[in-house]
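Put together the whole structure using the sequences plus the hints.
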Amino acid sequence: MSISAQVQTRRALPGAVDRCPHAYLLSIEWIPNRCWTPPHQLSILHISDNNQGDILPQSIKPQQHAASLPPEPRDGGQAAGGLRLADWSVSAVAAGFMAVLVSYAGPLAIFYQAAQAAHMSNAMFASWVWGISIGAGLAGIFLSWKLRLPVITAWSAPGTALLITLFPAMPVSEAVGAYLTAALILLAIGVTGQFDRLMALIPKGIASGMMAGILLPFGLNAFKSIGSLPLLSCGMIAAYLVFKRLLPRYCIVLLLLSGALLAWAGGHTHFDGITLELATPRFIAPTWSWAGTFSLALPLVLTTLTGQYLPGMAVLRGAGYDSPVRPILTASSLASLAVACAGGITIAIAAITAAMCTGRDAHDDPARRYIAGVANGLFYLLAGLCGGSLVMLFAALPRELVATLAGLALLGAITVNLAGIAAAEHHREASVITFLATASGMSFLGLGSAFWGILIGMLACWLLHARRRQAVRPS
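In this note's numbering, the protein residues as written are 239 to 713.
Careful: at least some of the hints might be erroneous.
Here are the in silico distance ranges between beta carbons for each label pair [claimed, not checked]: (1) Trp502 x Gln432: 48 to 58 Å; (2) Arg487 x Ser359: 12 to 22 Å; (3) Ser329 x Leu649: 23 to 33 Å; (4) Leu436 x Arg487: 24 to 34 Å; (5) Leu516 x Leu701: 54 to 64 Å; (6) His508 x Arg564: 42 to 52 Å; (7) Leu495 x Ala438: 20 to 30 Å.
No more than 20 Å apart at the CA atoms, straight line, and that leaves these computed lysine to aspartate or glutamate pairs for DMTMM-like [unchecked claim]: (8) Lys482 x Glu667; (9) Lys442 x Glu667; (10) Lys384 x Asp560; (11) Lys384 x Asp325; (12) Lys442 x Glu663; (13) Lys384 x Asp603.
Hints were generated in silico from the structure; no laboratory data involved.
All figures in this text were calculated on a predicted structure; none of them were measured in a lab.
Positions of the beta carbon are idealized from the N, C-alpha and C atoms, including for glycine.
Structural data, given as structure tokens:
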């Protein structure tokens, strides 16, 4: 038995579809709200007492419908515009905390490796941690509150990986100048709304090849560490496999704890000197150069767009939140500009931890999951203030632990981008060329391998496609 009904000019409660697992919303009537994109159609609800879903397209998901419905009017019929105590929940705050914990367990290990490559002092690295944490925290709080969406922000992990290939040859001041250049370019893209058009110009396989080439050395270093500390590295790899099988969501956090325990048992840690120390931001005067622009700024823009915004927005929209990228890209770029001179690399929407705050684990009511984004930002601010202690923690761990942790944390990203190369049927050879050129670590004319990888790959793509077009052209 099945019943179909039309609903005209009626608001549905958020989470209504979640409570009725066999109710599928096909489209909603236009109701002005900046959080949801209206399709200008009537609501049609199909309720079935079986699980067949015979009239529904396979792409329709119950979770998407719940999040896509407009929120109920509050406070006398007006849409909610501020933080309400009733919206806060333990589950949303816990989701925001876990997202921050995962960010510091994995991506911060990559950032620490970049600081080591630059021969940076702990005080300067604490300033960098302050910059990325405060920038991500402020952007996440503002966007989650303003858009009423669980917008999870973070620093650009692929961009941080790019730094390691450039330090110590590139001065820190030149890197900061490249941060500012990249932030201005991203701001221009956000303000003008050219994100989708720009992404259409770059073949997905080429972008995946560059990303995989940047991240590959981290995956290799995770296994190279076996040569110096075999018990620690092998133990962490085994722990990763177990946690990935049993508790995949908390795998990286548990891996960090397991690695620290193994290192402590082997006498490779120095936890005695760890104290509570606040981070003090240090101003770094930026310098600009063509080499910094082409080797860091432009690849940083590309890796941030393809490695952060594309998957990050896909997670947000996949959860049913149909938000435009323009306000998120603009606000995050402004945050990047604000913290760049303290050492903060590009701030962007999170791609790895976003799923922890956009699903039902954060809250059953999709309209209240934005609290997870606010809580995430607050925990970022707290961690940024205590950046000195975070630096002490990583300094107390052996390098092999940090290298293994970073490599395993990036394993998923490496897999996705290698799959992107394989899926690029029409650009596969050019994508492989991009991957190899980027992974080679080559340096020519003062420019790094990421720049040459994307340039050579795009050139190969153009030449190979020109040859194919000529081959199929009728005589």
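| message | Let me make sure I understand: some of the numbered hints might not hold for this structure. Which ones are they, in numerical order? | response | The structure conflicts with hints 2, 7 and 8, although it agrees with all the remaining ones.
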